[in-house]
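Asks: Each protein sequence line maps, in turn, to chains V and W. If you number the first sequence the way this note's numbering does, the last residue is 454 and the count never jumps. If you number the second sequence the way this note's numbering does, the last residue is 354 and the count never jumps.
It is worth saying that the hints were derived from the structure and are not from the lab. Small disclaimer: the values here were computed from a predicted structure and weren't measured. The beta-carbon is built from N, C-alpha and C at its ideal position, and this holds for glycine as well. Treat each hint with caution, since some may be false.
As the list claims (entries may be wrong) - Only part of the chain V face toward chain W is listed, based on derived beta-carbon distances under 10 Å:
| hint | residue |
| --- | --- |
| 1 | Leu98 |
| 2 | Pro155 |
| 3 | Leu230 |
| 4 | Ser237 |
| 5 | Ile244 |
| 6 | Gly250 |
| 7 | Thr251 |
| 8 | Ile252 |
| 9 | Lys296 |
| 10 | Ser303 |
| 11 | Ser308 |
| 12 | Val315 |
| 13 | Ser316 |
| 14 | Ser319 |
| 15 | Phe425 |
| 16 | Arg427 |
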Amino acid sequence: MATVLRSKIEPVMTQTHAEVTRDIVRTLETPPRSYYLAVFGAVFLLLIGIVTFTIIIKDGLGHSGYNPPVMWSVYITTFVFWVGIGHAGTLISAILFLFRSPWRTAVYRVTEAMTVFAVMTAGLFPIIHIGRQWIFYWLLPYPNQRYLWPNFKSPLLWDVFAISTYLTVSTTFLIFGLIPDVAAVRDKVTGWRRFIYGQLSMGWQGTDNQWRHYSRAYLYLAALATPLVLSVHSVVSWDFASSIIPGWHGTIFAPYFVAGAIYSGVGMVFTLLIPLRKHLRLEHMITDYHFDNLSKLTLLTGSILFYSYSMEYFVSWYSGNTFEQTTFFLRPFGAQWWSGWTMITCNALVSQLLWFRKIRTNLTSLFVISIFINIGMWFERWVIIVSSLSNDYVPWAWGVLNPTWSDWGILAGSFGWFGMWFLLFARSFPIVAIQEVKEMIPMPRLHPDAHGGH
Amino acid sequence: MIRANRWRPVRVWLAIGAAGLVLSVIGFVTDPHQAYASWLAAFAAGVSIALGALILVAVTHLTGARWFDPLRRIALDIAGTLPLFALLFLLLLPGVGRLYPWAHAPNAVNAAYLNPAFFVIRAVVYFAIWIAVGLTLRRWALARSTGAELPPSQRERALAAVALPALGLTLTFAAFDWLMSLTPAWSSTIFGVYWFAGGFLAALALVALAGALGPMPLDEDRGYALGALLLTFVVFWAYIAYCQYLIIWIGDVPAEVAWYVPRVRGSWGALALVLLFGQFLLPLLALLPHAAKVSSRMLAPVAAWLLVMHYLDCYWLVLPALHPDAVHAHWLDLGALAAVAGTAGAWATWLHAT
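With the rest of the complex left out, here is chain W (with noise of 0.2 Å):
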């Protein structure tokens, strides 16, 4: 009995990442131009919360967080599906030539760097690098005799410091591949920064959400901490945001405003106020009392909030790319969230049982 309730999360997680793909294979072959970038969509927002929990572990076995013992195997599980996220972005492949202007301009000023065969062998070095650490740190995490929820050994500290530029590094470079040049002629040098804010603040998010649901209820400590941290990378994020924008408003040359100007024009631009407002203003209201940090039955709704909002900042940065003029709400953005976040979840929860 206790054992077919532990599962069950895997199997309702399963359930709804298989209706997702089923939608999404549809969608692949009908409309290959809509689902490709809605899968896009949903894989930039999950793999870049994977790898935030990664760099969470990461960060906190280095700065000797000790409130942060007994999360760690939460946040361990969540970078544990970095292997699934390699296996979804193989599905992104065939969707290449499709999703980016590049695969077919091989005379632009960056061919040596935008062109199919360089993408697919940094993808697999980025996958590389993520699922060795990620696996390595979660089997020492679990391999020591007394569990996860005891303060990292010495190992694991030096490899979470060495990974760490490692992890920067590839996640910027998967930014500027993924994201960043689905616009060719446009570029950023905070735009790596600008996807790692968002994705660390939404895996600080599900970490909390799956603390303050599991079994143990966040106690004050933890809490706090975690609240804080939130509030910390909700305005971190902004802050980030703001430079990228400003520096681009200000400057107002034609190839660098390209990027904003379907993106804060129309619906698009109504989309940008809903994430100024969802994910900075409303989520730092809301944290900054010291009574919604401490209590897990305030910090929850605002963490699955925010995982919302890191969605709708990962479709706004793709989705712009298919349709410039307006917001093309497609059944097939459902298919692809409901694919990335079925299979996701059903996988943590399956290394959480396990």
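Just chain V, same shape as in the assembly (with noise of 0.2 Å):
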């Protein structure tokens, strides 16, 4: 096995120092006509969410079709969707880096800035379905002459905090871990350019002394950062299992949420990183080997997304709770079926085709499949939050809430959002990390077959 795991990450091992930073810094030099083109698009789609922002701003939450019983909808579908895309950085980032996975990093830079646009975009959603957007800081717990506070026993509240701190760690995470990188660029540019990095590069000589208080705080970074990657999803199903709503009342929701979460980051990897790599040219960099390993760790999360559904229906009708068994039947077969079965077949079954190892390293099929699981994730949590505010304990006042116009404007927006940060830094900073790569190239010996095993 060994043998075969060294075959895998050879591509990088044979180049030389020099090589990698030649390589990586290839990537920020003036870019093709089809980078500005999808610039173009994502700010165009920006562009649409901002106009419908506007509007919904002017007359109110109206034009979102929410009607009681229906107040949550595509906008807290798509805030969990966004938050949830982020944890798959943070978990390669920084739990892979504890268990010194060799494998995260040719691709963490990429699922770092993933996670920071991923949050930034996320922040974004509450703040427009609170209605009143310019009142937005009330959430925060700050001293007034009302003497008003936020309710405390809320995870609404909790959120706030939640988000604020994993977006203060996610973007002290990335930009600490681009310095020695960025110095690196600093000294291949010349001109504004190297007066830029310079000054991101904070005085970065690459000296022992200051790789020794690095690497130390690179470690106590990753420490802090590691708990996020469970705490912060937690909140998040919490903003629905602490209600006693049908669908939503269920004790398995924070890990079952954590799971799903980094499955549907590790799919947006697989959606940025396949087409990425081609793009820059890095295909000796991000290789099989890479891929292999995220599509494990899409099977894994994949499989606990099947096993948390199927306690859900199976605990459901346990209980003998008409209302949860309703809930739970309508999902499948009620007016929004095509959800539920679209919740079920892209994330429970579409995940257990990563069995086959031809298809973990099969780049085509693993793209077709990260837009299967962008899809799946997003459903998950429009059926979740929409099918379980339809029919609550009343069924007088049960009701079905359908997408509006503003609801598309919002999510086409969200992704423009994301895509015009992450591709403005793909650009702009290294998109793999040129010092961690350097580590996995083995030291010059005199005689390499004389060590033989090693």
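Please assemble the complex out of the two chains, which come individually in their own frames, going by the hints.
Replies: Below, the structure is given as structure tokens:
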């Protein structure tokens, strides 16, 4: 087995330090036209979102179809969707760092950047959703003359803390990890670029002393970021589970949401990484080996989702609670059966394809699966939120909500916002961690064969 | 002389087990309600450790954890006690009517699931899967010409991958059947994960303890890996316990809190606090320093402590069903614990010696 693994990381191992720097710094050169087209597309989507948001501010949330009993829909769905995307990044950059997994090095920068931009996107949604956006700061507990405080027993307030902590820590982690790489870029470029990268590298010279402090600090940051992988999405899940709405009130929600978050996050990593690697000509650095391991992570988390869905359905039947049973019956067989089946198929079933190595190492199939994952995970949150609210304890008041143009406009805008930041980042900073890839290169030896097994 | 020494631990464990069995059999006749409840608590703690060890073997096969190679034999021997637990489960069967209210309630909402016949059929399926996987993985590991200390072969890895989903599901439904259904009107989607978390943590602790006390003390690498995993699963257990408690406490639905009310009041509440400190806060603090993880001398007492806590955890899950008012410590608790631990200890040390 060891030999198989070694051959799979060979492409990076055979390169010299200089070649690694050259290949990665090359990605920051003047981009081709296709890149500008992509940025333009993202900005266009963002504009759609901005226009829609402006109309919502002017007219109110009536456009979003909110009507009792369904007062949460696409905005909260998309909020959870983007928060979830972020989790794979922290898992890969922090937890796998602590586990010393060799395959994280080539992909973690992409996932970290994705995390920061996904959380930045998610953070907009509670503000869009609250209706009176200009007093969003009421969400924060601050001393005020009215002696009014938010409800500290409400998970919605915990969310404010969870998300802002997460954004702070993941941004710090990203910027901190960039320092040595930005310094490497600084040493390769000239003119005003050199000045900017020079400022951002914070005086990095790569001395032994700097490295000693840096590695220590990176370890502690990773350890601090690790609990966030569990805590943030647990708190998001409690937005739902802490109420007694049928379909929300499940004790398994926290680990179930965390697994779903990582699943959706790795799905988005595939969606971003597969085209990006080709576009930036990094095929020799991000290889089958990485995709195989990412796929196994997807299989694991997808199977946990499968398990959680099974538990929900089984326990709703076992409990004998009519309302729980009705909610879970209506998900696959009610008015919005298509969304229920989309969720089950794209998450529980499609993930099981990754049992096969052929699929795990075929980039076309992985890309297609990743699109299914993105769709499935959006629908999972949509089903959980809307189908549960549609059928609560007062059957007389049951109702169905269908998304409106404003929902789609904001959703499109969120992809534009995320895509714009990600694209700008990918051409401004090394998208593969130069220093960590270099650490994978074996030390030069006079007689490499003399050491045999090493 | 050497031979005699090899079998000595087996004999010691067997003596403990025999004494416990005699006490328990007396209890089954004289005080069956208490005896079966005590038996269930000890059995649930023991079988979850054997399952945890099996899952640990399967997971390390798949992740390719090289540090685990010298410890694999220990874990396989622990998982090898699963056939014994099938026998110990047989002793529980006459008590089903006394332990589980659903055995006499044919009109209950979930009677299609909770009835004696289906209960037994499911248990047969669980044990068939567990024993088949456990014995096969063990046989294949020992059949390697080079011994169990080397990396697993391709077929072992394949079996581990296929077995894990089956193990996860059977373990969950076993937790529902044997523990959750003690209160048939109560249900919690996370309950299977809770029992897994406790059992897996205890299995790690037992592997660490056996490794630390074994002929080859843990080296720094292995100690660190085990210590870090123990730390992780101490936190994981607490996280799962908290998830269940928070959701049920904050929802405050009568049917749901009914399970917690006896378990968090009075002396049961004190035991719950013992678990909070003993299975979470204290081991968390003890395992945080690097020095604690890399030294066998530090790791062994923490591991032993965690094993005691896991038994108390299972005790806290089972016994309030019999004594909802307060903890009634009983000599049959010790009898059942001695019977399960003694026979399982004898079985595992016998497997280890052969």
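Asks: Hey, does the Leu98(V) contact hint survive, CB to chain W under 10 Å?
Replies: holds (8 Å)
Asks: Ser316(V) was flagged as interface toward chain W. Is the shortest Cβ-Cβ separation under 10 Å?
Replies: holds (9 Å)
Asks: Would the stated hint for Ser308(V) survive a check requiring a Cβ distance to chain W of less than 10 Å?
Replies: holds (8 Å)
Asks: Does the interface hint hold: is Arg427(V) within less than 10 Å of chain W, judged Cβ to Cβ?
Replies: violated (36 Å)
Asks: Report holds or violated for the interface hint on Ile252(V), using the least CB-CB distance to chain W and a cut-off of 10 Å.
Replies: This interface hint holds because 4 Å falls under the 10 Å limit.
Asks: Given Ser237(V) was flagged as interface, is its beta-carbon under 10 Å from a beta-carbon of chain W?
Replies: Given a least distance of 9 Å, the restraint on Ser237(V) holds.
Asks: Go through the hint on Pro155(V) and say holds or violated, using the shortest Cβ distance to chain W against 10 Å.
Replies: Pro155(V) check passes; min Cβ-Cβ to chain W is 9 Å, inside 10 Å.
Asks: Using 10 Å as the Cβ threshold, decide whether Ser319(V) counts as touching chain W.
Replies: holds (4 Å)
Asks: Can Gly250(V) be said to touch chain W, with a Cβ gap under 10 Å?
Replies: Hint on Gly250(V): holds, closest Cβ of chain W at ~5 Å, below 10 Å.
Asks: Is the shortest C-beta separation between Leu230(V) and chain W less than 10 Å?
Replies: holds (6 Å)
Asks: Less than 10 Å between beta-carbons is the criterion; does Lys296(V) satisfy it with respect to chain W?
Replies: Holds, because the Cβ-Cβ distance from Lys296(V) to chain W comes to roughly 8 Å (cut-off 10 Å).
Asks: Is the shortest C-beta separation between Val315(V) and chain W less than 10 Å?
Replies: With a closest approach of 5 Å, the Val315(V) hint holds.
In this structure, the hints that do not hold are numbers 15, 16, in rising order.
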